[in-house]
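S.K.: Each chain, letter by letter, is given below.
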Amino acid sequence: MSVLSVKDLRLRFHLRHGVVHAVDSVSFSIERGETVGIVGESGCGKSVTFLSLLGLIPSPPGRIESGTAHFNGRDLLRCTTGQLRAIRGRHIAMIFQDPMSALNPYLRVGTQVMEPLRLHPSCSRREAWSRAVTALQNVGIPDAERRMRAYPHQLSGGLRQRVMIAMAMITGPQLLIADEPTTALDVTVQAQVLAVIKKAQQETGAAVALITHDMGIVAGTCDRVLVMYAGRIVESAGTDAIFYRPRHPYTKALLETLPAAHQPGQPLLNVPGRPPDLLGEIRGCPFAPRCPHVVDACRETPVSLQPVGDDHASACLRVQAGEI
Amino acid sequence: MDAQPQPMLEAEKGSSLGQDAWRRLRQNRAAVGGGGVLIVMLFLCVITPWMAPYSYEAQNLELGSVAPRQAHWLGTDQLGRDLLTRILYGGRVSFMVGFAATAVSLLIGVTYGALAGFLGGRTDSVMMRVVDILYTLPFTILVIILMVYLGRNLVLLFLAIGAVEWLTMARIVRGQVMSLRKKEFIEAAVVLGYSRRRILFRHLIPNSLGPIIVYCTLTIPQVMLLEAFLSFLGLGVQAPMSSWGLLIKEGVETMEDFPWLVVFPSIVLSLTLFSLNFLGDGLRDALDPRAGKD
Amino acid sequence: MLRFVLRRLLEFVPVFFIIVTLTFFLIRLAPGGPFAAERAVPEEVLKRLNEYYNLDAPLYVQYFDYLRDLAHGDLGPSFKKPTLTVSEWIALRFPVSLELGLYALGVALLIGLAAGFLAALRPNTATDHVPMSLAMAGICIPNFVLGPLLVLVFALWLEWFPVAGWDLQQDKVLPSITLGAAYAAYVARLSRAGMLEMLAQDFVRTARAKGVSETGVVLRHALWGGMQPVVTFLGPAAAGLLTGSFVVETIFQVPGLGREFIQAAFNRDYTMIMGTVLFYAGLILLFNLIVDIVQAWLDPRVRLS
Numbered sequence: 000m001s002v003l004s005v006k007d008l009r010l011r012f013h014l015r016h017g018v019v020h021a022v023d024s025v026s027f028s029i030e031r032g033e034t035v036g037i038v039g040e041s042g043c044g045k046s047v048t049f050l051s052l053l054g055l056i057p058s059p060p061g062r063i064e065s066g067t068a069h070f071n072g073r074d075l076l077r078c079t080t081g082q083l084r085a086i087r088g089r090h091i092a093m094i095f096q097d098p099m100s101a102l103n104p105y106l107r108v109g110t111q112v113m114e115p116l117r118l119h120p121s122c123s124r125r126e127a128w129s130r131a132v133t134a135l136q137n138v139g140i141p142d143a144e145r146r147m148r149a150y151p152h153q154l155s156g157g158l159r160q161r162v163m164i165a166m167a168m169i170t171g172p173q174l175l176i177a178d179e180p181t182t183a184l185d186v187t188v189q190a191q192v193l194a195v196i197k198k199a200q201q202e203t204g205a206a207v208a209l210i211t212h213d214m215g216i217v218a219g220t221c222d223r224v225l226v227m228y229a230g231r232i233v234e235s236a237g238t239d240a241i242f243y244r245p246r247h248p249y250t251k252a253l254l255e256t257l258p259a260a261h262q263p264g265q266p267l268l269n270v271p272g273r274p275p276d277l278l279g280e281i282r283g284c285p286f287a288p289r290c291p292h293v294v295d296a297c298r299e300t301p302v303s304l305q306p307v308g309d310d311h312a313s314a315c316l317r318v319q320a321g322e323i
Numbered sequence: 000m001d002a003q004p005q006p007m008l009e010a011e012k013g014s015s016l017g018q019d020a021w022r023r024l025r026q027n028r029a030a031v032g033g034g035g036v037l038i039v040m041l042f043l044c045v046i047t048p049w050m051a052p053y054s055y056e057a058q059n060l061e062l063g064s065v066a067p068r069q070a071h072w073l074g075t076d077q078l079g080r081d082l083l084t085r086i087l088y089g090g091r092v093s094f095m096v097g098f099a100a101t102a103v104s105l106l107i108g109v110t111y112g113a114l115a116g117f118l119g120g121r122t123d124s125v126m127m128r129v130v131d132i133l134y135t136l137p138f139t140i141l142v143i144i145l146m147v148y149l150g151r152n153l154v155l156l157f158l159a160i161g162a163v164e165w166l167t168m169a170r171i172v173r174g175q176v177m178s179l180r181k182k183e184f185i186e187a188a189v190v191l192g193y194s195r196r197r198i199l200f201r202h203l204i205p206n207s208l209g210p211i212i213v214y215c216t217l218t219i220p221q222v223m224l225l226e227a228f229l230s231f232l233g234l235g236v237q238a239p240m241s242s243w244g245l246l247i248k249e250g251v252e253t254m255e256d257f258p259w260l261v262v263f264p265s266i267v268l269s270l271t272l273f274s275l276n277f278l279g280d281g282l283r284d285a286l287d288p289r290a291g292k293d
Numbered sequence: 000m001l002r003f004v005l006r007r008l009l010e011f012v013p014v015f016f017i018i019v020t021l022t023f024f025l026i027r028l029a030p031g032g033p034f035a036a037e038r039a040v041p042e043e044v045l046k047r048l049n050e051y052y053n054l055d056a057p058l059y060v061q062y063f064d065y066l067r068d069l070a071h072g073d074l075g076p077s078f079k080k081p082t083l084t085v086s087e088w089i090a091l092r093f094p095v096s097l098e099l100g101l102y103a104l105g106v107a108l109l110i111g112l113a114a115g116f117l118a119a120l121r122p123n124t125a126t127d128h129v130p131m132s133l134a135m136a137g138i139c140i141p142n143f144v145l146g147p148l149l150v151l152v153f154a155l156w157l158e159w160f161p162v163a164g165w166d167l168q169q170d171k172v173l174p175s176i177t178l179g180a181a182y183a184a185y186v187a188r189l190s191r192a193g194m195l196e197m198l199a200q201d202f203v204r205t206a207r208a209k210g211v212s213e214t215g216v217v218l219r220h221a222l223w224g225g226m227q228p229v230v231t232f233l234g235p236a237a238a239g240l241l242t243g244s245f246v247v248e249t250i251f252q253v254p255g256l257g258r259e260f261i262q263a264a265f266n267r268d269y270t271m272i273m274g275t276v277l278f279y280a281g282l283i284l285l286f287n288l289i290v291d292i293v294q295a296w297l298d299p300r301v302r303l304s
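As you go down the protein sequences, you meet chains A, Z and F in turn. Letter 290 of the first sequence, counting from 1, is numbered 289 in numbering that gives the first Met the number 0, and no numbers are missing. Letter 38 of the second sequence, counting from 1, is numbered 37 in numbering that gives the first Met the number 0, and no numbers are missing. Letter 16 of the third sequence, counting from 1, is numbered 15 in numbering that gives the first Met the number 0, and no numbers are missing.
Worth flagging that the hints you see were computed from the coordinates, not collected in a lab. Only a predicted model underlies this, so the values are computations on that prediction, with no experimental measurement involved. Positions of the beta carbon are idealized from the N, C-alpha and C atoms, including for glycine. Possibly wrong hints are sitting among the right ones.
Here's a subset of chain Z near chain F, in silico, CB distances under 8 Å, partners left out [stated by the list, open to error]:
id : residue
1  : Ile-140
2  : Leu-141
3  : Val-147
4  : Ala-227
5  : Phe-228
6  : Phe-231
7  : Ile-247
8  : Glu-255
9  : Phe-273
Could you put the whole structure together from the sequences, leaning on the hints where they help?
M.R.: Take a look at the structure:
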């Protein structure tokens with residue numbers, strides 16, 4: 000049974016010089032306990048999709064135009080601010096990219112880790128304290144009692160991200176949204192932080208939505224992958240299928256850019272061209288201008304995500320037609 | 000290199016930084032309004048000696064303190080001097096002090112700041128330490144003492160106020176020069192063997208013009224305010240000369256009976272300060288869109 | 000932290016010395032003297048007066064004498080108001096200025112912070128534009144304009160408050176507002192800017208994602224950092240409140256140190272001027288130091304480094 004089921008989500012930013020179609024007809028679901036990777040270039044709408052579910056998009060200018068997002072049988076997009084606030088932090092938790100700026104420099108680590116507990120279930124300060132210490136120990140922070148009294152700037156980047164994870168997991172949420180959790184960290188620390196997320200997930204049975212632009216991270220951690228491009232999901236499949244049998248030209252292009260796929264002596268590849276401008280409506284396939292397989296129909300016909308195999312969906316017309 | 004200069008593409012011609020800023024400035028209604036008011040005000044003040052039917056010091060004791068009427072649009076003061084004329088003459092003094100003192104602070108501040116930023120190292124840190132220390136001096140008090148003792152002399156007023164206001168200018172210019180110094184075109188100029196003097200005056204200072212202009216527009220109202228403040232305390236411009244601060248001071252003394260004598264000069268002074276501040280804010284936003292709004 | 004304070008205190012010594020020297024020679028080098036203006040003083044008496052106050056000694060001797068006395072905390076007698084010494088005059092007048100300054104600061108912080116934070120919470124709406132336009136007015140209307148206008152409206156026309164004086168509680172309303180208005184305006188602008196900057200920070204988004212309410216976001220997460228620019232401003236503001244009181248005390252005939260200073264300046268009461276200037280300078284330096292300390296203490300990143 001799915002924890003989160005999003006249908007036809009559309010989000011637009013109404014700016015003075017036009018309307019940005021940030022998220023366009025996005026549908027997906029996340030099952031209990033699974034880890035779903037959401038990949039795509041920066042600006043493709045992966046973060047805003049999840050921020051909008053939690054009501055964290057400033058409005059105006061952001062506006063959700065349509066869609067439903069059922070979480071535990073309740074439509075997040077139709078919740079009042081109060082209802083959403085009760086869900087945020089308690090049932091859905093989120094960790095962010097840069098643990099330096101995402102932690103409040105003026106408050107002690109302990110205060111911030113305890114805050115979700117103090118807000119949601121009635122929980123005494125002493126109980127919150129001991130649970131926070133346990134939470135910090137669970138994410139592998141040595142000397143947790145002392146760290147509780149520290150300020151964020153006194154911790155290293157890796158430790159700060161662990162604090163973020165502890166803070167997110169302390170309420171035992173059903174869904175953890177990890178927005179580029181390792182991007183700001185050293186490569187060696189990245190693996191540790193991913194392991195910590197994995198461990199926390201196994202202990203609580205939470206589902207994880209891992210937002211990243213790094214296909215390498217997806218390979219090691221995720222059960223399923225959603226590939227986003229220009230505010231849409233262009234391919235959705237199990238991790239193995241994505242890596243070994245990609246069914247969308249954009250996914251293929253992304254995989255070719257991986258350093259691991261790279262032949263020694265050959266230049267490193269990148270996806271040629273630039274992502275489209277989301278100002279204004281895009282008719283047809285948004286990837287068409289960069290696609291090596293493009294035909295005239297791609298530029299004109301509206302595309303949508305369609306099943307192209309067992310638990311595998313693609314938004315490529317030609318794949319859907321069986322041409323490639 | 001024998002390549003022909005490329006014909007400039009249409010898109011590259013585009014808009015220079017100046018044109019861009021000008022366009023942004025014109026879109027800012029408060030700034031345009033402020034600029035308009037200032038132009039009108041300046042124009043009136045400049046033409047006053049040729050246009051005004053009265054002299055700023057001509058007394059007419061039979062017409063002492065009359066309320067606004069046809070012959071005297073804003074009334075007269077106790078000695079029967081036409082208030083409108085005195086306000087416009089006062090404007091000449093106030094603007095003159097504003098511009099002259101700002102020019103003094105500009106001269107000292109830009110030279111000092113540019114030198115500190117350009118020379119860098121120990122010289123810079125010593126020079127900026129001096130500025131820090133001067134910042135803590137109670138300057139208003141020193142200016143008051145200066146005015147009391149060295150006579151209430153206009154030129155001195157410019158110098159005294161200018162000497163107070165240059166500190167911030169020096170800091171701004173130094174910051175600009177420091178950041179510009181690392182840019183490639185300055186390094187190119189160094190490699191080309193240009194003299195330091197030329198680099199400083201032809202490259203560094205002109206490229207810091209934006210913040211300098213902005214700070215100037217914001218200094219002028221401060222200076223005019225300081226002049227008015229001194230004149231109000233009786234330490235600035237002396238009668239029968241006129242200045243807005245002086246007119247307000249005179250007006251306050253009789254405001255119970257003749258309120259217009261304090262109200263009109265107050266309005267004119269506040270309106271001018273408003274306009275200058277709006278224009279300054281608008282210029283800042285136009286010249287440096289990143290500086291943000293506060 | 001202690002070293003920081005000590006270093007700053009050491010820096011005061013040269014600054015203070017510059018102020019003493021500058022003021023001393025500025026005053027003395029000008030023509031005229033404390034007793035020059037009085038017409039009826041016979042030559043003989045004037046000479047005796049000058050002798051008595053040591054004014055006939057060479058200037059450098061007077062300067063070092065003054066420094067010596069100053070080192071002992073002695074600001075000398077007042078030339079023009081010999082009933083009290085300069086220190087006694089300051090002790091008598093300063094509490095009034097301090098009271099006025101504190102009321103004005105109260106006005107500035109109360110109105111300024113409320114307006115600024117209100118504006119920051121609803122940016123680009125009427126709750127933002129109205130207070131910010133008023134703030135612009137507060138900055139552009141100098142206190143010597145605001146004061147008379149307030150008197151005109153509230154004292155002369157409406158007769159709600161007295162025109163001048165400093166005895167009853169209602170005497171203190173108009174001067175405090177006059178002095179505090181401009182600072183309220185600055186505080187409003189600064190607190191709005193500081194608050195907006197804080198609300199745009201990543202950690203505020205984190206707090207929201209944790210389910211913190213808007214009130215909690217503002218009070219617990221943004222307020223601390225949003226106050227910083229205001230705290231920085233309090234140093235210059237304190238200095239400004241002191242010097243600004245020259246005008247306000249003159250308008251409302253408040254018997255404070257500011258009016259005393261202006262009178263002393265006009266009367267060329269050397270010791271009185273020196274005394275008040277040094278007193279003011281000391282206060283301003285002290286305020287700057289306090290602000291530096293408070294600011295460092297507010298930010299754990301500075302406090303613990």
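S.K.: Against this structure, judge whether each hint is valid.
M.R.: Comparing the hints with the structure gives:
no. : hint    : in the structure
1   : Ile-140 : 5 Å, holds
2   : Leu-141 : 7 Å, holds
3   : Val-147 : 4 Å, holds
4   : Ala-227 : 6 Å, holds
5   : Phe-228 : 7 Å, holds
6   : Phe-231 : 5 Å, holds
7   : Ile-247 : 6 Å, holds
8   : Glu-255 : 5 Å, holds
9   : Phe-273 : 4 Å, holds
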